[in-house]
Amino acid sequence: MLDGIAQVQFNRFEGNVIPYVFAGGGFVIEQFQDFHLQVPAGLGVNIRAGNNSFISVQAEYRKAFVADRDGLAVGFGWWFKLGTYDNLDEWPLDDRDADGIADSQDLCPDEFGEAATGGCPDLDGDLVADKDDLCPEEPGTRQTNGCPDTDKDGIADHDDACPDEAGIAANNGCPATEPVADTDGDGVEDEQDECPDTFGKVDLNGCPDTDDDGIADKDDLCPDEAGLLSTGGCPDSDGDGMIDRDDACPDQPGIAANNGCPVTDTDGDGVEDAQDECPDAFGKVDLNGCPDTDDDGIADKDDLCPDEAGPLSTSGCPDRDGDGMIDRDDACPDQPGIAANNGCPVTDTDGDGVEDEQDECPDTFGKAELNGCPDTDDDGIADKDDLCPDEAGPLST
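Counting from 1, position 240 in the sequence shown corresponds to residue 240 in the numbering used here; the numbering is continuous, with no gaps.
Nothing false has been slipped in among the hints.
Here are the computed lysine-lysine pairs in the DSS-like style, where the Cα-Cα straight-line distance is at most 30 Å:
#	residue 1	residue 2
1	152	218
2	367	384
3	131	152
Label pairs and their in silico Cβ distance ranges:
#	residue 1	residue 2	range
4	25	307	50 to 58 Å
5	334	275	38 to 46 Å
6	387	322	42 to 50 Å
7	50	334	47 to 55 Å
8	75	210	53 to 61 Å
9	301	358	41 to 49 Å
10	103	259	20 to 28 Å
11	277	368	49 to 57 Å
12	275	219	35 to 43 Å
What the hints contain is simulated information worked out from the structure, not anything from laboratory work. Glycine residues also receive a C-beta, built at the ideal position from the N, C-alpha and C atoms.
Could you build the full structure based on these sequences and the hints that come with them?
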């Protein structure tokens with residue numbers, strides 16, 4: 001059996017659940033004789049299990065052009081993508097709720113929401129996030145914390161004694177007995193108008209919003225370009241938290257430390273090149289990106305014996321007898337010794353603590369201060385130089 005399949009994926013990059021449909025054509029040869037055509041078609045869904053891996057659930061109906069060969073099949077599987085996207089910089093940022101807004105910029109990263117409300121849900125569609133909306137199931141205005149204001153006087157209906165007549169707060173929402181001042185004629189009386197000389201919007205307390213992004217011009221760092229509240233009203237095309245005008249790579253998600261551009265990791269070891277002491281060699285994060293072939297905790301570049309594990313005290317070289325001389329320079333690698341003896345232990349035949357090389361009486365137990373010779377009468381004169389070795393006397397006699 002051989003098929004040719006065309007697959008169309010939806011929500012390909014943005015989400016963790018990627019539905020798809022497919023259809024195609026193929027042929028089957030049975031017992032190397034019978035040949036007939038088949039048309040497979042179906043649908044499925046890929047559920048992200050990791051950056052490049054998915055769990056797949058698929059249903060397929062296969063139409064055959066011979067009798068008794070039509071069939072329906074359901075399958076489960078797992079697949080892993082070995083390749084990379086044509087442009088790695090298009091790989092999406094973390095987005096747990098799959099709403100198209102990166103978690104780093106999403107005020108509600110675990111709830112699907114809209115960009116206009118900072119990634120938070122807005123059940124009544126009034127551009128006031130449910131978490132801030134005192135009336136989450138009734139459309140309202142920002143000025144009234146998401147509650148309805150039928151007469152547009154800036155007083156929520158539930159607090160308005162005259163909900164169908166524009167009024168003033170001082171009169172419980174009812175019209176003033178005397179005309180109120182509204183210099184700019186925007187429907188917000190001067191007393192409540194934060195921009196009394198400029199025609200503005202009621203839900204922005206009388207202030208204008210030139211780019212219509214829901215942020216008053218006076219609070220908008222980019223009043224002529226629509227943006228998000230989280231970026232001060234400025235656009236952030238790649239969703240990396242840096243506004244476009246300060247972003248050296250406005251269409252590629254990056255980091256602030258790299259002026260908004262994606263970090264480069266040439267050797268793919270998880271340590272960006274700027275911090276990687278071995279940028280062209282795959283290494284360990286805890287060794288600043290450098291490899292450690294013998295896994296002794298010392299980077300190969302600092303290891304005198306990169307293929308043999310050893311302690312830091314001997315620059316990464318092994319020292320089996322622990323005498324401070326590395327094995328390759330130690331004439332007695334399994335016996336603790338001294339450097340002056342090429343790593344071998346010193347010889348002291350008579351066991352008096354004076355090595356034979358320095359002992360003037362190497363076969364007789366003696367005193368260290370007499371170069372290893374005995375002093376039977378304990379008069380400070382070695383027996384070999386003492387005319388009366390059994391009787392103490394002065395050196396002068």
